[in-house]
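Construct the entire structure; sequences and hints are all you get.
Here the protein sequences come in this chain order: S and A. Taking numbering that gives the first Met the number 0 as reference, the numbering of the first sequence is continuous, increasing by one, and the terminal residue is 150. Taking numbering that gives the first Met the number 0 as reference, the numbering of the second sequence is continuous, increasing by one, and the terminal residue is 266.
Treat each hint with caution, since some may be false.
Listed below are several chain S residues computed to face chain A (Cβ distance under 10 Å; list not exhaustive) [said to hold, decoys possible]:
id	residue
1	VAL66
2	ARG121
3	PHE123
4	PRO140
5	SER142
6	THR144
7	SER145
8	THR147
9	ILE148
From the derived model, a few chain A residues whose C-beta atoms are all more than 10 Å from chain S [said to hold, decoys possible]:
id	residue
10	HIS62
11	SER77
12	GLU83
13	GLU128
14	SER130
15	ARG136
16	THR156
17	SER159
18	SER170
19	TRP199
20	ASP202
21	ALA205
Because the hints were derived from the structure by calculation, they are not lab data. All C-beta atoms in this analysis are idealised placements derived from N, C-alpha and C, irrespective of residue type, glycine included.
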Amino acid sequence: MGSEISEAKVPTSVEPKTAITPRIPQDITDEILDHLAADSDLGSLRACALVSKSWIPSCQQHIFHTVDFTWPKNMDRWFNTFPVPEESPAHHVRVLYILIEGVSWLPEEFLEHSPQFTGLRRLFLLGDSMGFRLPSHRRLPESVTSLTIGT
Amino acid sequence: MARLPNLDDLSLREPLHTGDRRELLGIGRDLRGRFGGKLVLRDVNCTNGDVMNMLLEIPTGLHFTEVDIHCATKCLPSVVRLVEACSGTIVKLFIMAAPYSRFTSSQLGWFQHQLTTSSPNAGSSETFEFSKCPNPREVKIGVTVGWIHGGLPWIPTALSTLRPTTSPRLSSLRLDFTRSPYVNQSVESSIERMGDDLLWITDEVARIEREFEGAVNLIVFRDFWFGMVFDRLNVRLCFAGVGGDLLVNHFTRISQILQRHLKRVSR
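Here it is in structure tokens:
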């Protein structure tokens, strides 16, 4: 019994540390990250994404808010970098520019992966010379609220 | 049937007309949306009959809150059809014609038209009949004075179609005189070049004020670098940070020119 009391009074070396570890509430963290995003400070956002796992979603939300693709030049890079749809940050993308050079149809690479862009709102299909084949729209994300086609 | 059920805004810009128009028509067949936002047509040739038909044939109808169109004068009939199908919508319409000046008419409570003329030389017989527009509420005509070469008879001709019988809700008529920064031409000389057409404009403005029995707010706005505003012919000068005797003399002359012609309206 006595040992129980003494044990209770003497704190372990671990418990106090755990108790006083400072934690910034997520909403405050998000507020800070929002300010970085408002300043278009992508460098800082990338650095913040390395701070903690809990910061990653909020950082990605801003980092991948607007994405520019130039096809056929660099669209492959995205899909090579994020080959697994479930792990792709595509769902963070809200504004997507696709600059299509030399052809007049939407690239199959994008159409195959477009269901990943579940949060897409504004889609820009920009070409340098031709009109577009539009029947491909059937595979565009349904979340799109604004579509621009042209230069 | 392809659907973008949440699609509100649709913007078609150049170079759609350079592609295969059959593909462009795919929009009408395959694109389905809510269309409750803004429609932008920036390709003067994409507002031809095919594209207009394509939009008009959308089964769910057009529910755009704003329509912004640049088109060639030859497309005007089909554009008016679209405008009529979007009643209650803010419509901004730029008509590309001659000469280089801007004609803006704004319709509606919620209706705005902009007509732009873009060929730098000579007057044009092309004009705009407001009687074909569904019940305009506001009309705005913009003139880029640096680009005026010759008269602008189409402006008073268009104004002559504003009648209480066809435009009973008209509440505002605005004339904007601006200067292009890209043309090395004095403002006053450009305005003077309007000559009789300016006089004709003032006559039409006076007629509108008379026939609408004062219910139309008349505004002549001369902006750009000098920020000078004529509001119901009461001149207010706002230098907006621009100073110097040269500029003062510059726009004093302009105001004299305009007032000389517009004086009759205030009588």
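Hint-by-hint comparison with the structure:
{"no.": "1", "hint": "VAL66", "verdict": "violated, 19 Å"}
{"no.": "2", "hint": "ARG121", "verdict": "holds, 8 Å"}
{"no.": "3", "hint": "PHE123", "verdict": "holds, 9 Å"}
{"no.": "4", "hint": "PRO140", "verdict": "holds, 8 Å"}
{"no.": "5", "hint": "SER142", "verdict": "holds, 6 Å"}
{"no.": "6", "hint": "THR144", "verdict": "holds, 5 Å"}
{"no.": "7", "hint": "SER145", "verdict": "holds, 4 Å"}
{"no.": "8", "hint": "THR147", "verdict": "holds, 4 Å"}
{"no.": "9", "hint": "ILE148", "verdict": "holds, 5 Å"}
{"no.": "10", "hint": "HIS62", "verdict": "holds, 13 Å"}
{"no.": "11", "hint": "SER77", "verdict": "holds, 19 Å"}
{"no.": "12", "hint": "GLU83", "verdict": "holds, 24 Å"}
{"no.": "13", "hint": "GLU128", "verdict": "holds, 30 Å"}
{"no.": "14", "hint": "SER130", "verdict": "holds, 33 Å"}
{"no.": "15", "hint": "ARG136", "verdict": "holds, 27 Å"}
{"no.": "16", "hint": "THR156", "verdict": "holds, 33 Å"}
{"no.": "17", "hint": "SER159", "verdict": "holds, 36 Å"}
{"no.": "18", "hint": "SER170", "verdict": "holds, 32 Å"}
{"no.": "19", "hint": "TRP199", "verdict": "holds, 38 Å"}
{"no.": "20", "hint": "ASP202", "verdict": "holds, 42 Å"}
{"no.": "21", "hint": "ALA205", "verdict": "holds, 43 Å"}
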